[in-house]
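Residue numbers (the numbering used here), protein chains in the order written: chain Y, 2 to 414; chain A, 700 to 1804.
Just so you know, the hints here were simulated from the structure itself, not pulled from any lab data. Since this is a predicted model, take the numbers as computed values, not measurements. Hints may be right or wrong, so weigh each one.
Said to hold, decoys possible - Computed Cβ-Cβ distance ranges for the label pairs, DEER-style:
(1) 353/Y with 1328/A: 45 to 55 Å
(2) 1454/A with 233/Y: 43 to 53 Å
(3) 1134/A with 312/Y: 43 to 53 Å
(4) 744/A with 312/Y: 32 to 42 Å
(5) 69/Y with 1422/A: 35 to 45 Å
(6) 79/Y with 744/A: 54 to 64 Å
No residue lacks a Cβ here, since even glycine has one placed at the ideal position from N, Cα and C.
Each chain is listed here by its residues.
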Amino acid sequence: METDSILKQDQENKQEIGNADLVVGILGEFEPDGVAAVCDALRTVSGSPRIAILHDGPAPNVSNSAAPEGSASLFFVPSPLATPEAPGGSLLSVMAAYQSVFVASEKLGARGCCVIASQIEAPPLQWVRQLAEPLLDRDVDLVVPHYARHKFEGLLNGSIISPFVRSLYGKRIYNPMGPDLGISRRLFSKMLGAELRAGGGGIHPLASLAPMAACSNLEVCEVHVGARVYPPTDWMNISSLLARVLDPVFVDMERNAPCWQRIRGSVPVTAIGEPIFVSQDTGSVDIQRMVESFQLGNRELQEIWSLVLPPATLFELRKLLRLPPEQFHMDDALWVRIVYDFALAHRLRTISRDHLLKSMTPLYLGWAASYAREIQTAGALALVQRLERLALAYESGKPYLVSRWRWPDRFSP
Amino acid sequence: MTKRPGSAADPLWYKDAIIYELHVRAFKDSNADGIGDFQGLVQEMDYLQNLGVTCLWLLPFFPSPLRDDGYDISDYMNVHPSYGTLEDFRAFLAAAHEREMQVMIELVVNHTSDQHPWFQAARQAPPGSPERDFYVWSDTEEKYKGARIIFSDTERSNWTWDPVAKQYYWHRFFSHQPDLNYDNPRVVEEILRVMRHWLDMGVDALRMDAIPYLVERDGTSCENLPETHVVIKTLRREIDAGFSNRMILAEANQWPSDVRPYFGEGDECHMAFHFPLMPRIFMALRQEDRLPITDIIAQTPAIPETCQWGLFLRNHDELTLEMVTNDERDYMYLAYSADPRMRINLGIRRRLAPLVDNNRRRIELLNSLLLSFPGTPILYYGDEIGMGDNIYLGDRHGVRTPMQWNADRNAGFSTATPARLYSPVIMDPVWGYEAVNVEAQQGDPSSLLNWMRNMIALRKLFAVFGRGSIEFLDPSNRKVLAYIRKYGEEQVLCVANLSRFAQPVDLDLSKLEGTTPVEMLGYVEFPRIGQQPYRLTMAPYSFLWLELQPRIEPVPTSAELAGQAPLNATRGWESVFEGVSRERLETLNLPAFLPKQRWFAGKTRQITGTRVVDWAILTVSGSALAFVEVQFDSGAPEIYFLPLAMTLGETSEELRRTSPNAVIAPVVSEKIPGLLHDGVFDDKTCLELLSIIGSGIDIQVQHGRLRGVPSEVFSKAAGADHKALQVHRGSAEQSNTSILYGDRLILKLFRRQEPGVNPDAEAGRYLTEHTSFTQIPPFAGSIELQPVADGEPGTVAMLQGLVLNEGDGWKWTVEELNRYLEACAPLPVPENLGAELGDPLELSERPASHLARDHVGIYLDSAATLGRRTAELHLALASPTKDPAFAPEPLTPKDLEILVEDLRQHASQVFDVLKDRVSWLPDEVVEIAAAVLSRRRRVLDYFRTTLNPHDLRTLRIRIHGDYHLGQVLKVKTDFVILDFEGEPARSLAYRRSKQSALKDVAGMLRSFSYAAYASLINYTTRHPEDIARLEPWAQLWEHSASAQFLRTYNETAQGAGLMPSDRADTRRLLDLFLVDKALYELLYELNARPAWVRIPLMGILSLPL
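In isolation and in its complexed conformation, chain Y is listed as follows:
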């Protein structure tokens, strides 16, 4: 592992660090000021813990002697950690970055680790501390962020990942894949152990965390964080992203089938801090183009979709094709069935998984267009309600998923 070798090379640092209570990996392209702000926030973590910071960049001045009494002790370890959303950054490098943080945490005997990977509109002082403290003070195993939402950002998470994970694993977690996360020793050890057993093929450091925590009855809480700064979404070239994000979620789903098929309903997890609402005045999408993409896909991908979707769904899609663009609307129940059927086809390896997931893109754009039209003028709470309705549709549709999963007979309605 990279970090292992880093620690070996940097004997001086390692000796200085010895053991750490907490390891914090700062991933991504942070300006020095940003790293310093994160360090300032970490200083305020209660209990004066020893915190090792892994970051690929110049070390800010983290002199412990100048810190106020009772502050956390920080140790900076330069590490070539990957950038989660760097353009062209491969998935493997992102996975390796998280994995490195886990390995380093284990080596340093840390009680937990955090990954700071996002630029957040709000200053980090509070949320970074809140991400860390539950691991040390409250025996929490997974601390996930609850980002304030802009209506058209993070939609892949809002429309699929979050409600899907909630429906499957029964935990109302709004950003199950972080990327800013706090992870207990118990959980990262499980992740590392599982990775060993699965030969590294099945465990994904982001997609597997929440399911693993839920299926192991580990304690999960979420921290209300400000709005995350997302890279701009290229709606017309989203298929690779869709495939990249959904694949590990669906892989995990297969592994955890005995767990999620037993879970009914959902419960909220403990929330730390107050919900943060941000203005919804900004942002727009080209609904017309999204609908056109759906219509094009509907005409050209019928052959693939007919392998995946049952006739009733195909019939509904055909009806949508006949609608004039201004009346176009894909309802949540239909969308949820589509997601579930793609998850099933992924499990059954009906066609190449990559092709399968990419072929879902026009359907996703169809739903996103309906959603965009619906919430164009919505405020922050209306947005919460809208996504809550979607999440409930996922929960209502779960019996459909379970029945199709258990008896994947193509002779279905």
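We have chain Y already, so just place chain A on it with the hints.
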């Protein structure tokens, strides 16, 4: 010492495993030599993974002369060259582990081949030497006489003479398989070395063959001896010391109680086959009786927590009948082996599908039992596709033929010339590889292979099958087998019909009351279990797996939880009506609050959003007055008037407890928590509303002004100090809200706001200030909303003097009627009653009869008073005035035409609804409804023809509009008339329009009819035998009261133009309104109270159309 881990993470992996037994030789040939091999097996690993099996059990693959299918091993440490090399085995092992499959191999510990170097050395070595002692020798055949001969078909003794050693050697099986001598410690050491060899390589499990026969002692059966257990414990100890997550499976074909010791105290074998269960499953199926199964399970002792039974339907050996009684064996031979060639030793050498005549449902049923019984299921290769056998091959070779992969040459097993195959493939038309093969079944979604794959996947989802307890149910129908598997919170009910015909079954599941069975294959919810027997109907050979799910408590949604979060009120109302707090109020709190209010008119529609369109702060109470627009999923939005108040601190908890529906949202103001709630529940707010009227205060709102307008009688009605009056809230809230001030005033808040003056306030003010009519509550003032733009003012609230009364007219009338019916019940129906049941208008032209006076009595006086007061009201409303809203106008032919068309449309709509609902009506009214429906044409024609548009010479005036007994108050011997709002469902413009006074008259006549029949229904509910006798009495009451009402109405209103001058026109116009009112009632009852629908139906039938 570090233990070498196995490939499984869970030490108890074998409890959840699905084991697949295969012979390398029979599975796949990779090098075209006609014999299956490891490389061929590796090629088909994806197939096995796809099938879902988790552990592969390989039959012996070691070097061997192959005189007993490999169970005669000549080298324990190597691979038979026909199957490949040790490297090939390692590659196979890695491929299995990569797919998260475990591997079990054979450890044939009881005997070796006579070709094994150990035996060759032993026969050459002198007696007593360590080499000779590897086996059991004797100079005679007389030792161990108590041991039975197992292979009775081929062996005559357990001893065979060796001419080289010049001694007999001991063998429990074939004579070429000499038994090892476990009294010799070197043998144990050698076997341990063999074990370590394979376990070091990564093998996960060892099947110990013929384990009961390891040690021999004279005077015993030489089976299951204590010394054998000592050996097994030694082997286990060595495994546990050096390895983790490994498993030993004991092959001990014994009764369960004899097998039990092979588990030890969890320190011998991890698993053991349950041999006696297998034949009994087949017996139960053939006998269509669950008893053989439940009997053998009952005889099965408990085993240590870490141990497990191995279950199978078929395997590489014969269907062994050693563990059955002689009678049972005879039955099984007759049932399952018609051809003697099917039998071998003490068993039947057949595969699963041929045993059950290739019946798919039987195959599925047996597999469902295998997969749901307590233990680890073991599948035999080929049975997942329903492969057949070849009884013409010797020994048990008939069930060991090549795997049938496809319809190509040699079944796709090998590309060798057919003659080179180790065994011929099956080729007959039913079982042959062209009909039964993997490829065909993979392409057939309904194939047995796909069914097996789904079932295996399903079983793997539930740990209860591998780890749970079993409890059999005892339904009276023995053809049905039912049992409950339980593991922790998981509970599964399994039901199987062993019969070839459909079977009913009642299960006693009362101890599971409240749980919901969910069929596991399709996730279909069944009815919840109660105290009653749970009845199921089972199709032939069907089975059900039902997951028993406990009831779950609903958890609030995120939106609901967000709604429970407090609104920020730090800066008072400004904080509430701004930003996120306002959005939360509009998005979450108000949509949740409004449907809970009785005054909210939009209950049948889905709220899609709300918006506070205007608001103002009340300076004294600190409350607010808000106007909220409600949007719906269909139809126009509505605006509601909502006084708001905030209560902070402990008082708010009292409010939450006593009036939870009044709470809109929690608030927090400067860290003090409290509640935002309906202002009506705050006395200070209520008193300030009164002050606004009394003082004529103007309040600026965003879109206009709220203005208090006292009437001339406010001071008199309110008394000297209206601010000191005690506030109460009305209890019988309907579409409005009432606030009572002491015993002097009542303030009516008009919740739903429409543009225009409210007709109740308008009429109240007019009658109070401009007429001498006194039989209404005195109008004391109102709060009006004057829009900024040119719009009509609206009425927000109306204040009236409170009238002391004895209840409303309806309540009083019904009480009178109860007494009347009670008195009439014992009386015979008078002979001359028919004359009393004529048209009330005609009856009104003559004095009330003696019969009516004698029986209806005092109520006639009340009806007379009511008729007079109604006429006086109409006279007041018809008096000349310059106010255009009240000035009377003639009813023109055009007005009449519009009226008739309106009534026809209404009638047509009601008939349509009645037609739709008639089949839902109670039986006793269906005929009446049909009679009414048959009058549809007549009624519609009646509307068109009865009143040709001509000059009726009558007036159109403002009327009450929704007149009935519930709208009058009984005040001593008189009545006060209330509520001039009109029919709530109608538009404000309609309610303020001028109409014929006869509409009110018809309303009251229908109300008499309603009171009579409602009382009759109520009375005869308790005394159903009286209904036929009492109905004429009820009709007498109705007709008498109606006639008396009309009598005084006519007398009082005579000559004022309230009725057409022509008597016939009066009658026709009145009938028109009566039909319309009855149809209005019919529609209401169809929607709300089908049990009462008889009343308006009878009303329609009674009209002379």
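45 to 55 Å as the expected CB spacing between residue 1328/A and residue 353/Y, which holds or is violated: For residue 1328/A against residue 353/Y, whose Cβ atoms are near 53 Å apart, the range 45 to 55 Å holds.
35 to 45 Å as the expected CB spacing between residue 1422/A and residue 69/Y, which holds or is violated: violated, 60 Å
Cβ separation of residue 79/Y and residue 744/A, checked against the hinted range 54 to 64 Å: violated, 45 Å
C-beta pair residue 1134/A, residue 312/Y: status relative to the range 43 to 53 Å that was hinted: Given range 43 to 53 Å: violated, Cβ gap about 31 Å.
Residue 744/A versus residue 312/Y beta-carbon gap, inside 32 to 42 Å or not: Given about 35 Å between the Cβ atoms, the range holds.
Status of the given 43 to 53 Å range, CB of residue 233/Y versus CB of residue 1454/A: At roughly 48 Å between Cβ atoms, residue 233/Y and residue 1454/A fall inside 43 to 53 Å, so the hint holds.
Figure legend: structure checked against the earlier numbered hints; hints not met, in rising order: 3, 5, 6.
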